[in-house]
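Chemist: For the protein sequence lines, the chains are A, B and C, in the order given. In terms of the numbering used here, the numbers along the first sequence are unbroken and rise by one, the last being 272. In terms of the numbering used here, the numbers along the second sequence are unbroken and rise by one, the last being 602. In terms of the numbering used here, the numbers along the third sequence are unbroken and rise by one, the last being 947.
These aren't lab readings, by the way, just hints derived from the structure by calculation. Any given hint could be a false lead.
To be verified - Simulated coverage check for chain B against chain C, where a stretch passes if three residues somewhere in it have a Cβ under 8 Å from a Cβ of chain C:
#1 309 to 315
#2 320 to 333
#3 363 to 370
#4 505 to 518
#5 576 to 588
Predicted model only: the values in this text are computed from it and were never measured. For each residue, glycine too, the CB sits at the ideal point set by N, CA and C.
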Amino acid sequence: MGKRGSITFWLAIGWIAVVIVCAITAPWWPVPAPDLIDPDLLATPPCVGHPLGTDTMGRDIAARLLFGARVSIIVGFCAPLVGMVLGSLLGVPAGFYRGRPERLILFILDTLLAFPGLVFLLVFTFVFGASLTTITVALGVLTAPRFARVARANTIRFAEREFVLAARGVGAGDFSIILREILPNVLAPMLIYMLLVIGFVIVAEGGLGFLGLSVPSPAPSWGGMIAGGRDILDQAPHVSLIPTAVMFLTVLSVNLIGDAVRGRLDRREGQL
Amino acid sequence: MNGNNPKNQEPLLRVKDLTVEYPACRGRKVHAVSGVSFDLARRETLGLVGESGCGKSSLARAIMQLPKPTAGKVILDGDDLAACDPVRLRILRSRFQMIFQDPASSLNPSRTVGASIEAPLLAMGHHGREERTRQAKVMMAAVGLDPERHYGRRPHQLSGGQCQRVAIARALMTNPRLLVCDEPVSSLDVSVQAQILNLLREVRGEYGLSMLFIAHDLAVVKNIADRVAVMYLGRLCEVAQCEDFYRAPAHPYSMALLDAVPRPDPRHLLPATGMLPGELPSAIDPPSGCRFRTRCRRAEALCAMECPELREIAPGHKVACHFPTFVKDL
Amino acid sequence: MTAAFDRHLLVAEDISVHIPSGGGTVRAVDRVSLSLERGKTLALVGESGSGKSMLCRAILGIPPGRAATRGRIIFGERDLAQLPEKELNAIRGREIGVVLQNPMSSLNPVLKVGWQIAEPMLRHLGISLLKARERAVELLGAVGIPRPAERVDCYPHQLSGGMRQRVAIAIALACDPQLLIADEPTTALDVTVQAEILNLLGRLQMERRMAMILVSHDLGVVAGRAHETAVMYAGRIVEQAPTVILFDQMRMRYTRALFDSIPRLDAPSGQPLASIGGQLPDLAAELQGCRFAPRCRRAEDRCFAEEPPLVADGLEDHRFACWFPCEPGISVTPPGPLLPKRIMS
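So that you can see chain A by itself, here it is in the shape it has in the complex (with noise of 0.2 Å):
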């Protein structure tokens, strides 16, 4: 990684914290509300009020960006944080223990990754209602198998050093043996694998938005905002590609922090 490598990893943060700060802060900017209706403004581009324009219903685009960019913050951290903890309890015992338990854990694992996603998401919102928490928790279980997978193979290859058979000659037990030997090092290749992940649920979120199944409106939502301009793409290009871009730039941001710091994880691995 060169000097340029550095520049778009800082350049990655800082849009990250920007998309952050914009969600922590969206109720004290001075932009219309974000459910608003200007009907008198249908669509326009930017203008003295509307520093970004209106979408077809005549709502400030800033605005509903920077309420969405809550919606899309919480979904794309929190639901990738579910899969991970459901994950690392499906995958650590089954690396850990091996034989028939891990033979069970691997079927409904397997189980999990032949289903439909949406259609299981399709189900669990019809259930349990659209709401951000729903949302959240479903995504999070559709990732939960391949977190399962990488903490499996982690716990696999760190089962089998050294220091896990010298912890048990002072007579550790299996669970402090996971806590303290095993979770600790599965934990860094899990999160960098969130970290992908995170993208990923990003842009599905956008595309239940997009569906219309996640928060319902009219919260705003990325996917949602994308959705509402695609009927005038031609007319008003800017209803659509704005919050395109927006959610481009972000998965592509936390994408590059992914590469970055699996290479220096890479490099301390490497010196063992």
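The hints should help you fit chains B and C onto chain A, whose structure is shown.
Modeler: What follows is chains B and C alone, placed relative to chain A:
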């Protein structure tokens, strides 16, 4: 410890008919260790020598109960470890500790050196952070690490020799009686190897340890051990005091091992032909009778039929061979 | 000069390998010169981090990552440092063979060993597949693998460590190279297997009149196996001499310390070994004076201030870099055989 205790006359460790078998594919078994017996006296170091695949690591782990052996007894200070229940075994574990071959792999990469050294105390239930840290720092100084500089380091910031010092410190934290060293210097440079051997000798005296020292190099064993045991394909071939063994090895395999040690002497005549013809047979299906017979120049019909018992040919010098070399033959 | 090049297969002049890293440039190899005659063995000895492997990689033209190599590497009549990558590829594997330390990772686990031996022949010699396979069987026999015709179809994991190293040697020898670089070929192996592999290398070298660079961290390993021995410390050669002379009179104190730290069969049991305290210097820092001085018991002010040159004193081909060398003429190898004669029989 009470000096008049009659227990002190007994050997510290008594291994009896220890057998380790692993399942292999198609229902067959790997005979890693087959009926090994030996004693280890207090403050004595026994060097266990053999090639890779001879079962010496399996033997070490069976003694450590990691995992328990398939059969046989491991009696430490009167307690049969192999028959202990897990709760009792956990208490006894402070008495026997182990050092591994690969120093980098034997330390948890995500922990600091200090945390690794303190881990045994934590596992033994010594709570009180300050006391643990104090003891760890004392131990670090004892094994030649700088307590202030190295305490917060992580394994990848240390050299191989320093990692091995950390491993030794960790093993000594529980004040053990027995230290099992599984090839502790095999992956180190010669210069570092000398440092670690010297350190082991030092702590052995200081802490009154008995040691089972595993190696594949007889020169290393000669430097540190009081007694030597040679192992081949899961069985002991020869057990003797160091002086006797190096003066007059009796088993043909011991001689081959001695021949193979590199001599730092450019005029030393190298054996022209291979010392050990053929390959190590598979431990799934070991040869009948004497397991070394397939590579032994002295093998006769008897060797294939009958397994030679470990018998005494001189006081304290035991050999498992039908045709051993006696001192008078030399 | 031309006369020297006739005799010498490899002449390396002023080789430096500089590796950029976080804490500055690591000078892994610093202005090292060496030469190797056809059919002779040169041993490179030193601790890990002394730069011996880096020197080999520099000669092969495969320095690690973003390392920069400087100096001239005359092999035959060409300067390897100036050759384009394509021509270097034609030399590596054909004229220079390599055996690495760990046979577990240097063989491809998913290819049959026969293929791996045949591959360099197919690439460099352009012979037919059938002929290459035939030669692969021959080579397996030559490196002492029993039943070579069957083993040619084995995968690496079906062989023991020693057998794998033999396969690695067969691959290195496939195109009859003029130079074999063996980088710690026996460090990962048992003592018994080590002795056999070293004997094999010595025999093959004599039969094929190859030149060989044998790298090891153990002076004991190279003792009877090399015509000349060079001891490296912290990226520099600190002593170099014909092996017999070097072992008879070690002048540089590092060499002596390295020698004394070897556990010996002829030493009394239970004696502490002479060990070298301290650690290798940080090669990223600006180094002054003798690099071994901080660990040397005899070091004086001059050692810390001025770097001693690698020069001969008395014997022309025994060069060493030390201001206060050990006394010459004292044989450090004890006289007489180490073991009773019976073992030879």
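Chemist: Would you mind marking each hint as holding or not holding in the structure?
Modeler: Verification of the supplied hints:
Using a Cβ-Cβ cut-off of 8 Å, 0 residues of the region 309 to 315 of chain B lie near chain C, which falls short of the minimum of three, so the contact claim is violated. A count of 3 residues in the region 320 to 333 of chain B with a Cβ less than 8 Å from any Cβ of chain C is obtained; the coverage claim is therefore met, three being the minimum. Coverage of the region 363 to 370 of chain B by chain C is violated. Counting CB-CB distances below 8 Å, 0 residues qualify, and the rule asks for three or more. Closer than 8 Å: that is the beta-carbon criterion, and the region 505 to 518 of chain B has 3 residues meeting it against chain C, so the requirement of 3 holds.
Counting residues of the region 576 to 588 of chain B whose C-beta lies closer than 8 Å to any C-beta of chain C gives 0; at least three are required, and the coverage claim is violated.
Violated hints, in rising order: 1, 3 and 5; the structure is consistent with all others.
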